[in-house]
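S.K.: What follows is the residue order along each chain.
There are 2 protein chains.
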Amino acid sequence: MKPVVNIKTPFLTVDGIINIQDDKGNFTGVVLIERKYPPIGLALPGGFVDYGETVEEAVIREMKEETGLDVIILRQFHVYSDPARDPRQHTVSVVFECVARGTPQGQDDAKKAIVVPYKEIPFEKLVFDHKKILIDYLHNKNAIFK
Amino acid sequence: MKPVVNIKTPFLTVDGIINIQDDKGNFTGVVLIERKYPPIGLALPGGFVDYGETVEEAVIREMKEETGLDVIILRQFHVYSDPARDPRQHTVSVVFECVARGTPQGQDDAKKAIVVPYKEIPFEKLVFDHKKILIDYLHNKNAIFK
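For the record, the sequence lines run as chains Y and L.
With the working numbering, the residue at position 55 of the first sequence is 55, and numbering never jumps.
With the working numbering, the residue at position 56 of the second sequence is 56, and numbering never jumps.
Just so you know, not all the hints are guaranteed correct.
No distinction is drawn between identical chains; accordingly, a pair holds when it is met within one copy or between any pair of copies.
[What the hints assert, rightly or not] Within a straight-line C-alpha distance of at most 27 Å, the following computed DSSO-like cross-link-like pairs (lysine-lysine) qualify:
id	residue 1	residue 2
1	Lys131	Lys2
2	Lys8	Lys111
3	Lys125	Lys24
4	Lys24	Lys8
5	Lys8	Lys64
6	Lys141	Lys64
Hints are computed from structural coordinates only; laboratory data are not their basis.
Keep in mind the model is a prediction, meaning the values are calculated, not measured.
Only chain Y is shown next, with the shape it has when bound in the complex:
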């Protein structure tokens, strides 16, 4: 069977909403990164899916690369595909809800990684459509993440 050629589809990415649990079993907040490259600002960690890789493999790899964390995937949360969501090109992102323990370290495309309690998310500093994603998530989220 020959491949379908000459097709241009959007670029595929993943983003992770990482809920951090501390040593005492309390959820302390969500991981945000300070971006090293434009658009400059805060964002959920994420990146491009490689050809030949599943979206689950991609999110585990990207979370490790950008934050040093070994995340556990809880579920696929939602797919965001507005062509205007990334100013550089049309990217479609599969957003995952994840959990992890430990302290994130900003690496790779992330200058810094921080853990922010849900009630203190600086929405005005979020780039791309990550404000929308986090608002959708907070409306939808399981009550265990207080």
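Got chain Y; can you put chain L on it based on the hints?
M.R.: Using the frame of chain Y, we list chain L on its own:
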């Protein structure tokens, strides 16, 4: 901001699980198409997402092109991304749960479109990973579709 170049991500597609409701308000089954091109067999209707198009726009367009139906999206169901799911190339599919009224007509890449009651789905004739998708869906599905 310059676009990120030289990146190869998987091809993005959408598939629709269309629940058909008849004139009396009864759900009669799910739409399957008989494929015109290899791999030959039965499949959920679906197709490639255009660059610049949302996944929601893509699924409404593709369902219309392949079945003639104007579908209503109920929700994003799940993203399937196993590199082996399509024998031609790596495609990642966002699968939607939809509803529609009317009789599907096979068009475009579909030789024929049929409505199959859930208990009569011929799983052995489904191509790609559509058997897995429909089994996942039936395990997960809302009880209103009997």
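S.K.: Hint numbers the structure violates, sorted upward?
M.R.: 3, 4
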